[in-house]
Amino acid sequence: MIPLPTIAFYLLATTTILAGLAVVFARNPVHSVLFLITAFFSGAGLFVLMGAEFLAMLLIVVYVGAVAVLFLFVVMMLDVDFTQLREGFSRYLPIGGAVAGLLTIEMIIVATTVASQGAASGATAPNASGGTDVTNAEAIGRVLYTDYVYFFQAAGLVLLVAMIGAIVLTLRHKPGVKRQNIAAQNARTPATGMTIVDIKPGEGISE
Amino acid sequence: MTLADLNLVRPELILAIGALVLLLVGAFRGKGGALFDGLCMLVLLVAGAAAVTGGHGRAFAGGVVVDNLSTFAKVAIYAASAIAIPLGGTWLRKRGDDKFEFPVLILLAALGMGMMASAGDLISLYVGIELSSLALYVLAAFRRDDAKSSEAGLKYFVLGALSSGLLLYGASLIYGFAGSTHFDVIAASIQGGQAHTGVLFGLVFLICGLAFKVSAAPFHMWTPDVYEGAPTPVVGFFAGAPKIAAMLLLARVLSEGFGAAIGQWQQVIVIVALLSVFVGAFAGLAQKNLKRLWAYSSIANIGYALLGLAAGGEAGIQAMLLFMVLYLVDVTGFFACLSALQRNGKPMETIEDMAGLVRQQPGIALAMTAFALSALGLPPFSGFFAKYFVFKAALGGDLVWPAVLGLLGSVVAAVYYLRLLKVMWFDAPTGEVEAPPVTAKTVAIVAALFSFPVALFALGWLEQAALAAAAAFG
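Residue numbers (the working numbering), protein chains in the order written: chain A, 1 to 207; chain B, 1 to 474.
Extracted from the complex, chain A is given alone in its bound form (with noise of 0.2 Å):
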């Protein structure tokens, strides 16, 4: 009998493939996104086999939750025209083919390479667990705001300084764009909103 968590791993491991290959294959550009929205999913699943689950909850809330979402809008709001960026395909596939299979080989060689011998003496995976009986995203809790909080803070100064380039680079302040002024809205009353004009038959309203 196959143990449960092989079979799930060969389930997602195959899901996670043929989804990544969709992405490519795929006619539309929306179903594109659709299957890596899926495979993102199944790497989810991989990680929670290997025990990370803090980062599968990472990869679903932030690549599902944004990313994706962003490149989903991306492919609907903008009008590229996916045909014609296909069109160069069969020119540069050799090209890319043999980075591809550059890319491959470096892989294989890193693989077998840290399989064989493991890496640099001292260089050991930080424990998922964190040793003990604490779980890993309790282990992230606790050094993300003690030893980690310069960087932490710091990252958030990073995103803060992109919002405000994006803001400087891009808002304009147009003269006359009409908005909404509510507390002027609920000022109003039947006297201010309402004039009672007595039109004579015939006449019509002047302005």
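The hints are simulated quantities; they were obtained by calculation from the structure and are not laboratory data.
For clarity, every value in this text was computed on a predicted model and none was experimentally measured.
The C-beta atom is built at its ideal place from N, Cα and C for all residues, glycine as well.
Hints should not be assumed to be uniformly reliable.
[Said to hold, decoys possible] Computed, partial: chain B to chain A, Cβ under 10 Å: (1) L23; (2) V25; (3) A59; (4) F60; (5) K99; (6) V127; (7) E130; (8) V138.
Dock chain B against chain A, hints included.
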């Protein structure tokens, strides 16, 4: 984290909180102004004072290192940023492009550069670089309606992102093979000079990424375009403070993290240094635009600073620090001159524009002469002493041939500095030059006076300060 940790990062805290408060003030007022600029400068000065008076040590589990070296660099960086604020402010106001975000972005860039100066970990290294770079990208594109400024910002952003990618790849390899992001643990993993190939591979990528940030050849291609398009006072800022921060970071990574593997990285740094010197010298010959010319000049000058660094040891780092500080004053002064000059409402940016300047604006022309002669390395200007220390360190570190080649490069570069002087002093003026703004003129003249003769007197003290800073590596 303890209160002692927070105490050590006081300058950063002051800058961060100051920037946030001023951002809010600016957002509610909706505009900047001279007073707002003054407040931002005040924050930088207070942060500088906090850096000088603060204690030394390590904080946040080794992520932050505060020592003489970081204090030395922080004072220089904050001072350069404080000067950039009024220079840029008046320049932008004159063109109707001023926004309150400008000084706030300079504050945040200075914060990032200060973090780079006291990084003790690959994470703080990267976060510091990103914080300062991101602010600099926006500053380059600050005149968004100007096509060249937007182009400069976009080019800087795309190529900067590429260099960050290289740097991160290197950092991930180092982490993977050395087992830690802390410089001291990395150093422990390569005891005896036998570093794992993976670590060295990562180090090369890290050096490439940092070389990009200091615009050393062969990673210099963004420099001329960005310098040409970005607002002139911003270029003066680009050429000074961020380079000191990145050079210091390079020095710290190499000597604190990879000191034992000096045999492996020394040759890389020497090659990058000599390439920079020659690219800067030869490509500069063909330039007509002064901003582009000074971009190549800065590439060549970074080459000399790297040569000092390659010499290794205390003397090498001391030479690099002295060189960078003296260069910082020169380059700030030169771009202050350039930002002050206008003829018929158009900025004077080419060498021909400078024709006969000495008869129209003798003060600015004399200052520019001092900067050109200093960049040339003519005694008794400060540039001479800067180069003298670098070559002395290179000879002391058995880098005789690189030193000779470096000298040759500086002879070639002399041609373009002398051509500028010739046009400025002996050609006939082509039109009336507008009166320069007081801020820029003051900065230019003070910097020129520093270049000669103040540097002669300050050198003894600067040398001691740089030596004390370099001794932090032990």
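Evaluated hints:
1. L23: holds (7 Å)
2. V25: violated (14 Å)
3. A59: holds (7 Å)
4. F60: holds (4 Å)
5. K99: This hint holds: B/K99 lies near chain A, its Cβ roughly 6 Å from the closest one there, short of 10 Å.
6. V127: B/V127 check passes; min Cβ-Cβ to chain A is 4 Å, inside 10 Å.
7. E130: Because about 5 Å separates B/E130 from the closest Cβ in chain A, which is inside the 10 Å limit, the hint holds.
8. V138: This interface hint holds because 4 Å falls under the 10 Å limit.
In the structure shown, a violation is registered for the earlier hint numbered 2 alone.
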